[in-house]
Amino acid sequence: MTVSHAHSHLADAVPPQRVSFTLNGEPRALMVRPFRRLLDVLRTDLALPGTKEGCGEGECGACSVLIDGEPVNACLVPVIQCEGSTIVTVEGLADHAALHPVQAAFVQHGGAQCGICTPGMVVTAAWMVDRKLDASAIREKLSGNICRCTGYSAIVASVAAALGDAKAPASDADGADA
Amino acid sequence: MPDGNKLSSDHRVGRSIPRPDAKDKVTGALHYVDDLPFDGLYGATVRTQTARGRITGLRFRDGSEHGVDWREIAVVTAKDIPRISKLDGLDPNLVSLLIRDQPFLVRDEFRHVGEPVALLAHPDPEVLRRAVQLVEIRTEAATAQHDYRVPPTPDQVQHGEDGPDANVFKRILVSKGAADESAAAFREVFDNAAHVVAAVYETQAQEQCYIEPNGMIARVEVAPEDAEGAVWPRKPWKLIVEGSMQCPYYVHSAMTSLFQLPDKAVQIIQAATGGGFGGKEEFPSIIAGHAGLLALKTRRPVKLIYDRVEDMAASTKRHPSHTRVRAALDADGHLLAIDMDVTMDGGAYLTLSPVVLSRGAIHAIGPYRVDHVRVHNRVTLSNTPPHGAFRGFGAPQTVFAFERHLDRCARAVGLDPVELRRRNLIVRGDTLAISQRIDEPIELHKWMDEALTAARYEQRRQAHALFNTEAEISGNPLRRGVGVATFMHGAGFTGAGEDRLASEVMLRARVCANGEGGVEVCTANTEIGQGAITVFTQIAADALGLPLDAISIARPDTDQVPNSGPTVASRTSMVVGHLVARASDDLVRNLEVSGALSDDDLRSDPDDDRASALSDAHGRKYRTDRLRRALCTAATQESGPLEGWATYERPPGGQWDDVAYKGIAYGTFAWATYVADVEVDLTTFQTRIVDFVASQEIGRVLNPMLAEGQIQGGVVQAMGWALLEEQIYVDGQMRNPNMTNYVVPTFADVPDVRVLFQESPYAYGPWGAKGIGELPMDGPAPAILNAISSALGIDIDALPASPERLMRAVLNAQAQEIR
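Protein chains in written order, with our numbering: chain W, 1 to 178; chain P, 1 to 819.
It should be emphasised that the hints constitute simulated quantities derived from the structure, not laboratory data.
It cannot be assumed that every hint is accurate.
Incomplete in silico selection of chain W near chain P, CB under 8 angstroms [said to hold, decoys possible]:
1. C55
2. Q113
3. W127
Just the calculated beta-carbon pair ranges, DEER-fashion [unchecked claim]:
4. W:Q81 with P:R808: 39 to 47 angstroms
5. W:D134 with P:T143: 54 to 62 angstroms
6. W:R28 with P:E136: 55 to 63 angstroms
7. P:P123 with W:E83: 25 to 33 angstroms
8. W:T22 with P:S9: 45 to 53 angstroms
9. W:D134 with P:V690: 20 to 28 angstroms
10. P:I99 with W:Q81: 50 to 58 angstroms
11. W:Q17 with P:A227: 36 to 44 angstroms
Positions of the beta carbon are idealized from the N, C-alpha and C atoms, including for glycine.
Working from the sequences, and respecting the hints, build out all of it.
Below you can see the structure in the form of structure tokens.
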């Protein structure tokens with residue numbers, strides 16, 4: 001078995017083109033080979049390694065980002081498709097020091113364990129929360145994001161809490177004490 | 001415990017403290033190995049394509065059409081590695097583990113698809129991907145063994161001499177009662193039994209499927225005059241490896257052996273690690289070696305990151321197993337004797353198989369009283385990548401067979417499966433199959449009843465019987481069933497294993513960012529998602545009487561932390577956590593000796609009822625402000641920061657006899673009853689888990705939120721093993737090495753797992769805590785398969801209970817009815 005063909009030879013052969021989009025609120029323009037994966041461009045060219053690669057084929061959701069407000073697997077998107085788009089990565093969720101409510105809820109309710117699926121998970125969850133989707137849809141809406149640590153319940157509880165549907169036991173708020 | 005069973009509200013242990021690492025995880029600020037700033041070369045691995053043979057040559061095909069210039073690509077093969085180590089005279093190319101049989105790079109003969117043959121390095125990973133495709137491995141085929149269950153033909157022998165032990169990596173016999181006397185005496189128990197029940201059970205391989213694939217970065221520090229020329233430097237040099245791993249000192253030992261370096265010349269650093277589950281226990285040593293070889297050859301930093309396909313195809317998995325069970329019972333359903341025969345598939349090299357087999361053997365009969373026992377265990381070779389460490393470590397396989405078999409026995413005797421268990425569970429003072437007497441205050445019957453009550457077992461069982469009868473009449477395709485498994489898991493290394501590890505923990509005084517005194521906890525135990533740094537913080541804070549923010553946890557770096565043993569075997573909280581508490585005590589004693597603390601600094605509050613972590617605790621408690629001031633002084637003293645140390649000491653009690661396989665295997669066990677409620681659709685043969693209750697006694701719950709999350713995660717991983725996960729091998733090649741075709745549970749596949757804890761503190765865990773990491777992997781598969789078997793009225797004895805398997809079982813049963 002060898003390294004998989006995540007990139008075809010053809011994709012490498014096409015010369016670089018200019019691509020511009022809005023990334024985490026900032027306008028960005030760069031010269032890139034058009035068929036490179038958005039995931040690689042984000043992680044390498046734009047130095048935003050928060051977005052993770054778990055499977056490289058759109059199954060695990062670790063590379064979830066928002067493109068024009070919708071959650072997308074960045075490992076399946078040729079960067080040229082993002083021309084003129086608005087992209088939000090995990091690095092763009094927090095408002096400076098203030099965590100997005102869903103990030104705060106993950107901290108409080110144990111939604112992160114090893115943390116490698118967490119960036120993609122909170123991106124999809126933030127989309128749910130920002131859209132004010134119903135808490136009963138959490139398991140369906142997040143089913144494109146795979147976590148191998150938590151067994152999912154603490155993530156469901158975190159998202160429910162961020163949606164204002166606080167049914168789950170939280171951590172001791174005063175536990176993170178002085 | 002001096003404090004009875006409850007902790008006062010002053011305690012940090014016992015509370016759901018959020019993880020100190022959570023914020024960096026939710027913001028994406030935490031850097032895993034592939035996220036670290038890096039300026040160097042990328043590495044790639046060229047691998048065998050067939051299951052067994054001999055390499056006759058390598059050909060590097062012309063790559064000019066593909067933008068590949070071989071003059072720009074560094075190549076390492078086994079020829080670059082000396083044949084004889086100057087340290088021990090052995091072949092340094094063989095990975096140092098239990099024995100040395102697995103090569104870092106194939107020299108000549110190979111035993112599985114995906115075995116590493118050559119390593120390439122280049123600055124552009126895309127060029128590298130194409131270069132790998134251009135390497136042609138010329139081979140001479142040899143006869144592979146694809147079925148671990150049958151003895152090899154002479155041309156398949158690869159381990160040991162031809163004969164009964166050919167290709168057998170390890171045999172273990174557990175024996176008790178009449179089986180210790182004679183075969184005839186043992187047979188007589190079966191001859192005189194009211195019921196004899198026999199069946200065969202099988203389990204499949206399982207991929208750990210941590211979401212972060214394996215990866216390492218290696219760099220070398222070589223004297224300038226050695227920078228070119230010889231591949232192996234002549235002057236002293238240093239190897240530094242950073243990456244995703246569970247056990248920095250395992251990697252360290254493997255690197256000193258491969259590179260023939262003294263301990264100080266190898267530095268291993270754990271990067272943030274995105275899940276392990278055993279998959280990053282022994283295997284990362286090989287990747288570290290590969291990255292190190294490329295770094296040594298090129299004198300540049302080299303990063304070697306697997307993608308999912310390579311990770312799944314080449315790395316270790318859970319051992320498949322095949323188990324025969326024969327049980328003798330009296331007319332009332334008491335187990336008289338058990339005869340078991342366990343075979344596990346070790347894969348192509350021995351790696352950790354003997355210890356996996358051992359844990360399987362010891363846990364095989366579970367928490368039941370059986371006077372006459374014979375368990376034959378063997379682990380054999382087959383030509384697949386080695387099977388290795390995976391959460392549960394052999395126990396899930398044997399627990400599955402035995403707990404499934406108890407349901408079959410219950411039917412033979414005419415009892416409810418729970419009643420059969422109730423009649424056979426051990427009570428305090430009974431001995432396990434391995435002749436370990438359980439003297440801790442267990443109440444398994446009561447704990448089982450609590451699980452059954454929470455699961456509404458009795459009501460569901462009755463309702464399901466009614467439902468299934470009506471469904472059959474009305475043509476409703478749904479069938480419902482509820483199933484139970486009662487089991488145990490021993491934490492820490494088996495027998496004298498912890499003595500041999502002789503783990504050490506060090507705490508040192510430090511100055512916190514706010515200028516106040518605090519401590520740094522130095523262990524080699526890694527945070528892999530299970531919450532190690534949170535729990536260590538809680539333990540040290542409580543042991544010292546300091547706030548949480550006075551505690552920091554050192555990054556596992558072999559230049560900085562002592563060897564507190566590997567992060568495996570459910571040992572981190574219980575064994576190492578206990579050492580953290582003892583090292584805290586030692587640090588306070590050293591502060592007293594140095595004069596930094598005196599009687600004037602003692603707490604004045606006589607009612608301070610804060611329990612100590614240890615039954616033999618120091619007992620003197622100091623005012624927090626005085627202690628912090630003393631630590632601040634001790635951190636900045638001229639001779640370096642003051643330290644406190646603890647080294648593992650075996651709890652009092654008996655010994656383990658590794659030859660007879662009798663004695664004290666573990667200081668304690670965690671005990672559990674799991675209940676699964678399922679619905680099977682006879683149209684699609686899909687199983688839906690409607691409800692799942694996981695109830696366990698774990699000594700002390702150090703952090704309820706983390707403990708619950710770890711149990712839920714383990715249960716869901718086991719649900720995947722029970723229902724979904726299966727690797728397809730054709731001629732030793734995994735045909736589904738990707739997450740599209742190797743399916744793990746998603747949000748939509750599983751219910752909320754309901755977790756219950758009982759606490760019966762263990763004297764040698766911090767505040768009584770026992771290990772829980774692996775426990776939740778053991779019980780779900782048998783509980784679920786018992787539920788499915790009950791729903792269908794057909795015994796399902798192999799994993800996974802996929803729709804295909806259930807359909808075949810139901811159709812076979814119908815065909816037999818017609819006949």
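Outcome of range test on Cβ distance (W:R28, P:E136; 55 to 63 angstroms): violated (43 angstroms)
Beta-carbon spacing of W:Q17 to P:A227 - inside the hinted bounds 36 to 44 angstroms or not: holds (41 angstroms)
Status of the given 45 to 53 angstroms range, CB of P:S9 versus CB of W:T22: Since W:T22 and P:S9 have Cβ atoms about 50 angstroms apart, the given range 45 to 53 angstroms holds.
Satisfaction of the W:Q113 interface hint, Cβ to chain P closer than 8 angstroms: With a closest approach of 4 angstroms, the W:Q113 hint holds.
Range hint 25 to 33 angstroms (beta carbons of P:P123 and W:E83) holds or violated: holds (29 angstroms)
W:Q81 versus P:R808 beta-carbon gap, inside 39 to 47 angstroms or not: holds (44 angstroms)
Cβ distance range 20 to 28 angstroms for W:D134 and P:V690, holds or violated: Given range 20 to 28 angstroms: holds, Cβ gap about 22 angstroms.
Distance restraint evaluation - P:I99, W:Q81, Cβ atoms, bounds 50 to 58 angstroms: holds (53 angstroms)
Agreement of hint W:W127 with chain P interface, Cβ distance less than 8 angstroms: violated (15 angstroms)
Minimum beta-carbon distance criterion (8 angstroms), W:C55 to chain P: Cβ of W:C55 sits 4 angstroms from chain P, so the hint holds.
Distance restraint hint 54 to 62 angstroms, applied to the beta-carbon atoms of W:D134 and P:T143: Holds, since W:D134 and P:T143 (Cβ atoms, about 60 angstroms apart) stay within the stated range.
Violated hints, in rising order: 3 and 6; the structure is consistent with all others.
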